[in-house]
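Asker: Chain by chain, the residues run as shown.
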Amino acid sequence: MITKRIIPCLDVKDGRVVKGTNFKGLSDVSSPVELAKLYSDSGADELVFYDITASSEGRAIFTDILAEAARNVFIPLTVGGGINTVADFDRVLKCGADKVSVNSGAIRNPSLIEEAAKLYGDQCVVISADIKRVDGGFRVFAKGGREDTGMEAISWIKRCVDMGAGEVVVNSIDTDGVKGGFDIELLKLVTEAVRVPVIASGGAGCCEHFVELFREIPDIDAGLAASIFHFGTVKIDELKAHLRANGINVRI
Amino acid sequence: MIAIVDYGVGNLFSLCCSFDAIGAQTVVTGDPEIIRRADKILLPGVGAFEDARRKLRESGLDKVVIEEAKKGKKLMGICLGMQMLFEKSYEYGEHEGLGLLRGSVIGMEGTLPAELKIPQIGWNALHITNAHPIFKYLKEGDFVYFVHSYYASGCEDSLLATCEYGKDICAAVAKENVCGTQFHPEKSGEVGLSILRAFAEW
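First to last, the protein sequences are chains E and G.
Each residue of the first sequence is one higher than the one before, starting from 1 at the first, in this note's numbering.
Each residue of the second sequence is one higher than the one before, starting from 253 at the first, in this note's numbering.
Fair warning: there could be bad hints in the mix.
[Unchecked claim] Each computed BS3-like pair below joins lysine-lysine, with the alpha-carbon atoms no more than 27 Å apart:
hint: 1; chain 1: G; residue 1: K292; chain 2: E; residue 2: K94
hint: 2; chain 1: G; residue 1: K391; chain 2: E; residue 2: K37
hint: 3; chain 1: G; residue 1: K323; chain 2: G; residue 2: K427
FYI, nobody ran anything at the bench for these hints, they're computed from the structure.
Please take these sequences and the hints and turn them into a complete structure.
Answerer: Quick look at the structure:
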């Protein structure tokens, strides 16, 4: 049976992982490659590298780091951040990315999904959506969650999947950073609406939140988090052991 | 030396990194002579069957791969590369494969329970049905990484391992000197590297 995936997300700026880390035994706690190795060794099922640099020098450093990670870590790598064109897909795929996630780039130009899916296959294209409750509905936000696009979230995601997105990452702005658990209500709506894998993001504060996620929504495929892993609040090997002890099928 | 066949499909960066990590020598090539001289051949592949099959035919490398395999050279196909080893694929129509293994490639849509997600993306456990040198470091239930919407069927005579996705579906095959995996060993952590190592040592 296919297992539930646990995915740490590394935000990379100017070659360093942003958000503090406090790992013992790591010589360089903000080195993306060191952290990627540590996560892979402790049982992460996949890694997301999110490029939050704005400069072109930063972008070049990011692809170098990605290639270095791919030389050292042999699990799937997803890359996001600053993906606006098919050339951006090409740039990161050549450096070892397996999947590419699009967000604002797809909002500006939805045909990017179609073009990329045709060139690289549906499995390569991930739609990542930042979603927030507005006036009793769910809306898609752009520019890192700062700008309300006015688009209804579920229909946007369905449209992206119809255009060829092979996987969906749902980032709930309402639960992000609160550490009170994933946004079960929103995630249920998304898993009911599409038939491709759905990855939950935003809100995990402890192991129990992952148990709740997979119990409440049997159709969810993966849980993604950043700071709780970086700060060592939740250790991936312990999380997976806890999930298995609670009857959730994970790779150990 | 393992020749990784480059016929313009997908990117081979991760695959090369994996072989580097285990210290196996590879060459990424579309040159028939280099493929003929290599000790082993690796046939990669991602994307659509028809497109990949056409590119392999147009490059003339399909003939080289078939000839070398028939001479007894060890050949491994990965993902779409494995699917091309069969007689036929029914991905968007009906397409001829390389015909090195008996069986055909069919879609998950309509052949697996409707509630399953397509593609299968993620880690699944292997059920080993037959021992083989490429699995010499493997144990029953080891996890490997899959990404696919089509799978091989009617391949009982070459079946090595299955995974459970609605039913037991083909995960790996081998017959004589030809083998293949539906999953991606280069993305399957230590377990995957051990399969590539075993292939290099086979």
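Asker: Hint by hint, note whether the structure agrees.
Answerer: Quick rundown of the hints versus the structure:
With a C-alpha separation of about 25 Å, the suggested pair K292 (chain G) and K94 (chain E) falls inside the 27 Å cut-off, and the hint holds. A C-alpha spacing of about 24 Å is found between K391 (chain G) and K37 (chain E), which places the hinted pair at or below 27 Å, so the restraint holds. For the hint linking K323 (chain G) to K427 (chain G), the alpha-carbon distance of about 14 Å falls within 27 Å, and the restraint holds.
Violation of the numbered hints given earlier is absent; every hint is satisfied by the structure.
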